[in-house]
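Chemist: Start counting the sequence shown at 1; every next residue gets the next number (the UniProt record's numbering).
No lab work stands behind these hints: they were computed from the structure.
One thing to keep in mind: the hints can contain errors.
FRET-style restraints, in silico, Cβ to Cβ [what the hints assert, rightly or not]: (1) 61 - 83: 25 to 31 Å; (2) 2 - 39: 26 to 32 Å; (3) 87 - 10: 27 to 33 Å; (4) 26 - 53: 14 to 20 Å.
Backbone N, C-alpha and C fix where the C-beta goes; we use that ideal spot for every residue, glycine too.
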Amino acid sequence: MSARLTPQGPGRYRLEGAIHFGAPLPDDLQAPGIVPVAGSATVALDGLEQADSVVLALLIEWRRQARAQGFRLTLAEIPKRLAALIHVTGVGPVFEDEP
1 MSARLTPQGP GRYRLEGAIH FGAPLPDDLQ APGIVPVAGS ATVALDGLEQ
51 ADSVVLALLI EWRRQARAQG FRLTLAEIPK RLAALIHVTG VGPVFEDEP
């Protein structure tokens with residue numbers, strides 16, 4: 001299954017499926033159209049079929065876009081492999097929530 005971002009309720013989303021290196025990224029994932037509620041939104045990652053550097057790069061970009069638009073994007077239910085990748089690459093500060 002290709003990846004998709006599924007709304008789960010106001011300000012809540014779930015990233016599902018697989019994102020593969022070299023495969024075209026669906027337009028809705030390039031500019032996901034996440035709509036915050038009260039200045040924040042949450043994306044659950046437990047629906048990912050894999051978690052690698054491609055997913056990590058996408059999530060870094062989403063955080064950048066959220067900050068540019070003035071809202072906080074929180075990641076939830078982060079798979080163990082992705083959490084390990086965040087730690088090993090040293091990009092953890094990118095995913096720390098602002099006060």
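Chemist: Hints first: check each against the structure and report whether it holds.
Modeler: Against the structure, the hints:
1. 61 - 83: 25 to 31 Å: violated (19 Å)
2. 2 - 39: 26 to 32 Å: For residue 39 against residue 2, whose Cβ atoms are near 31 Å apart, the range 26 to 32 Å holds.
3. 87 - 10: 27 to 33 Å: holds (31 Å)
4. 26 - 53: 14 to 20 Å: holds (18 Å)
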